[in-house]
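Novice: Single-letter residue listing:
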Amino acid sequence: MECVLELRGVSKQYPSHHAVKGISLSLARGEFFSLLGPSGCGKTTTLRMVAGFEEPTSGQVLLNGADITHQKPYQRNVSTVFQNYALFPHLTVQQNVEFGLRRRPGNHFAQRALEALDLVRLAGKEARRPSEISGGERQRVALARSLVLAPDVLLLDEPLSALDPNLRKQVRAELKAIQRRVGITFLFVTHDQEEALSLSDRLGVMNAGQLQQVGTPEEIYLRPSTRFVASFLGDINWIDGVGVRPEATRIAKQPPDERPARPATVVQSTFLGNLIHVEARLADGQPVTAEISRLSASVLAGDPVYLWWEPADELVFE
Amino acid sequence: MNRLRAWFLAPTWTVMVTLFLAPLAIILAYSLLTRGAYGGLSPPWTAESYGRLVDPIYFVILWRSFWIAGLSTVVCLLLGFPLALFISRSGPRKNLYLSLVILPFWTSFLIRTYAWMFLLRDTGLVNTFLEKLGLIQGPLPLLYNNFAVILGLVYGYLPFMVLPLYATLERLDPNLLEAAADLGAKPGITLLRVILPLCEPGIRAGSILVFIPCLGAYLTPDLLGGGKSVMIGNLIQNQFTTARDWPFGAAVALVLMAVVMTLLMILAGRDSEDLL
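Chains D and L supply the protein sequences, listed in that same order.
End of the first sequence = 355 in my numbering, gap-free, step of one.
End of the second sequence = 278 in my numbering, gap-free, step of one.
Same shape as in the complex, but just chain L:
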C-alpha cells in the first residue's frame, strides 16, 4: 500500500523538488552570497543583502507595489462582480460570454500590453480620437504613469476575478433569491444581504488570484509605466539584469515571497476549505 502511494506521489515530488524547491534553495543561497566583481556571485556568506533592504527607498517601492496591486484588485472586483452576475443570469448564452472573458488569453500578454501602448500614447487612438472630436486641445497624459499601470493590470487580471466569482454565483440556489424577495427584500437588499455574503469565498479567491500577480508584476509597470513607477517586480528584474547584483535581487524576491505567503495564510486561515 505504502509502495503504491509512493509511486503515485513520485511525479508530484519530482516536479516540486526540481521546479520549486531546488530553485528556491538556489535563490536562498544566492541571497546569502556576495556580489562578484563582474556580477555573478562569490564568497563569503553574508546576510548583508537583507540588511540593505531597510533603506527607505525600498519601502517606497514596496508601498507603491502594494497600493497599485490593491487598487487594481478593487477595480477588478468592482468591474468583475457585475459582469459575473450578468453572465450567471444569462441562461443559454453563459458559455459564449465565459469564452469571451477567456478570449484575450489566446494572445500573448506582451502583445496585448503593446496594443495598450498604441492606444494610450500621445499620438495613440484615444488621444487622436478625442482631439478630432475637439474635446481636448493637447494630448492627455494616458501613458507612462500609475493610471496606465493600473489600467494594464486590471485589463490583464480581470478574468482571474470574474471566473471564481462566476463559479460561486452559479452555485447560488435561486430559491434563496426568491425567498429574500418573498420576505420583502427589494433587489438591492437581496444583493447586499444575500448574494454578496454568499459570494464571499469567490470574492476572496478572486482577490487573491488578482492581488498576488499584480504585486509581483514587472512587464506592465515596465512598459505602461515607462520605468517611472517602479514596482517590486521591476526592482528584482533590475538586480538580475542591469545592476548585476544577484544576491540583492534574490533577497528582495524572497522577502516578497514571504510577505505574500503571510498574507495568504492570514486570508486562508479563516476557513481554508472555502478557497477556490
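If we strip away everything but chain D, and leave its shape as in the complex, we get:
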C-alpha cells in the first residue's frame, strides 16, 4: 500500500493547553480516512497542521515521503474544504473554482473549472455568487474548488455539519461516490460517529489530543481498544466492568439452559419497526439496554426477564 501522508509524533502545544499529543498516522493513497472525536479532542488542530495553518510544536508531517512540516499552506499540494466553506463572496462560482488553478502553471482554466462543477452537479450555476446559491450547493462549490487542483490529500473539516439533517445523508452518499470516482485521498474530520462509520475505509478515534485507535469501522466497533472508544462509537452497556453492545444483549422470559443469566425487570419497551428497544434494570439497579428482533417474544414494562450474552461479545478493558 502506497503511503501518501504520514504524521510522525506530531504535537501541538499552545500556551494554555496541549492540543495534540504525539500523533502518528499514515494514510494510503486513495483511501477515505476519518478522524473522529468529541469537540476539543485535537482533530481539527491535526487537520490544520496537515494544511499548514498551524505549525507542529514537535514531530513531522510527510507528504509523498517529503517533509512538509514547515512549508507554507500555498506550498503544499493538499487542499481544505472548510466547515463554513470559505467561498470568496466577491467572485462567481466559476471564479471561485478557478482561483486555485490560476495560482498554478497550466491553462484551460475555464474548461477545467466547468468540468469540476459538472462533477459536483453544479453545471449551470457557474455565473452565480455564493450568496445566490443554497447551503448544499456552496458545499459542493467548495468541494469542486479543491478537487479541481487534484491535491494529494483533500482535507475536510466537518463539511456536513452546516447542512440541515435531511440534506446531510444525501450529501454523505454523494461525497463517498465522488471520492470513489476521483480516487483522491480524503482526510475527513468529524464528531459524528454515523458519518465516520458510513464513509470511511479506515478511521482514527481521538480523545484529549491522543489517537486512541486506528482501524476499519468494523474493527473499531467490534474490537475497541479502550473504554473511551467503546463508548464513543456506538451505544454500550457496562455491566460489572464488562462492555456489551445493546444488539448483543439477549433477553427472554425464561433463563437459557447452559448460560449464566441475570434476572432483570423491563422498564420500557419501545417498538421501532425493524427492532425493539428494551430498557431494563438488573436486580442490583444497573440500567441495561437491549435491541432485540421484533420476531422474538415481546416483553412489556414490568415483566421479569433474564439477560445474557455470548462470551465472544464481551468487551473487556483493563
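Some hints here could point you the wrong way.
Derived DEER-like restraints, expressed as beta-carbon distance ranges [to be verified]:
no. : chain 1 : residue 1 : chain 2 : residue 2 : range
1   : D       : Arg166    : L       : Arg114    : 41 to 49 angstroms
2   : D       : Arg165    : L       : Thr109    : 49 to 57 angstroms
3   : D       : Ser168    : L       : Ala260    : 31 to 39 angstroms
4   : L       : Ala260    : D       : Pro202    : 56 to 64 angstroms
5   : L       : Leu198    : D       : Arg165    : 21 to 29 angstroms
6   : L       : Pro84     : D       : Arg141    : 24 to 32 angstroms
7   : L       : Leu80     : D       : Thr263    : 52 to 60 angstroms
8   : L       : Pro94     : D       : Thr263    : 32 to 40 angstroms
9   : D       : Arg165    : L       : Tyr116    : 55 to 63 angstroms
10  : L       : Pro94     : D       : Ala349    : 52 to 60 angstroms
Hints in this document: simulated from the structure, not taken from any laboratory.
C-beta: ideal position from N, C-alpha, C; glycine also.
Based on the hints, put chain L in the right spot on chain D.
Specialist: Showing chain L alone in chain D's frame:
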C-alpha cells in the same frame, strides 16, 4: 400609529429644519440678492453671483481644491490601509492602537495645525535638526506651499480613513485568507485578489469621509498654505469676511455643495447599502 410615528420623528425634523434646511434656504436667498453698498445685502433679486463663477480664476481654485483633496485622499489611503491591516491583526492590542489613532481628536485641530507650523517653518524643529546634522545648508521650504497643505490635510483626516478600513478588515472572515493560501495564493496575491476587493466598501467610505472635508478645507490651506494656495473653502471664507460679498460667497458655497452631492450620489448609487 401615525401619531406615534410623528412624535418620534419630531426631534429629527426640528433639528433638520432649524439647523439644516433653514440655513440652506437663507444661503440660497443670499446668493440671489445683491451686495449692499457697505457689505450686507440689498435688493434686487438676481442670479448675477452665479454668472461671475464662470471666471477662469475660480476654475483654477476649484481645480486646485480637487487635486489637493484627491491627492490627500490617496495618501491617506496608502498610509491608512497598511495601518488598518496592522491594527486588525494585532489581537489583544487592537483597542490600544485604535485609541492611539483617535488620540489626536482630544486636542483642537487649530492647535495641532499651529504645532505643524512650528515644526515646518524655516527655524522650525525639522529644519533646525537637519541643519545641525549638516544634511542641508539653508532651510528647506516646508511651510506655506501645497506640500504643507497636503501634509496638514493627511494628518488631520487620516483617522477618518483608518476607522472604516479597520471596520471592514475586522469583519473579514479569517477562513477566506486561509482558503486563499490553501489554494496556492502567496500573501501578495491574497492581498490583491481577496483582501482589497472585500475591503472596497471601507475604501469607498473612507475616501468619501476624507475627500469631502478636504475639498471644503479652509483652516489648513490658510495656516499651512499661508494664503498662497487658495482652496475653495478660503474663497468662500474671504467673501464673507474681507471681501464682504455675501451673495457671491453664498453662490460658491452652494455650487461646492452641489458638486459634492453629485459625487456622493455617483459613488453611493453603485450600491448604497455598502456605504459605512
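Novice: Which hint numbers does the structure go against, in order from smallest to largest?
Specialist: Structure breaks no hint.
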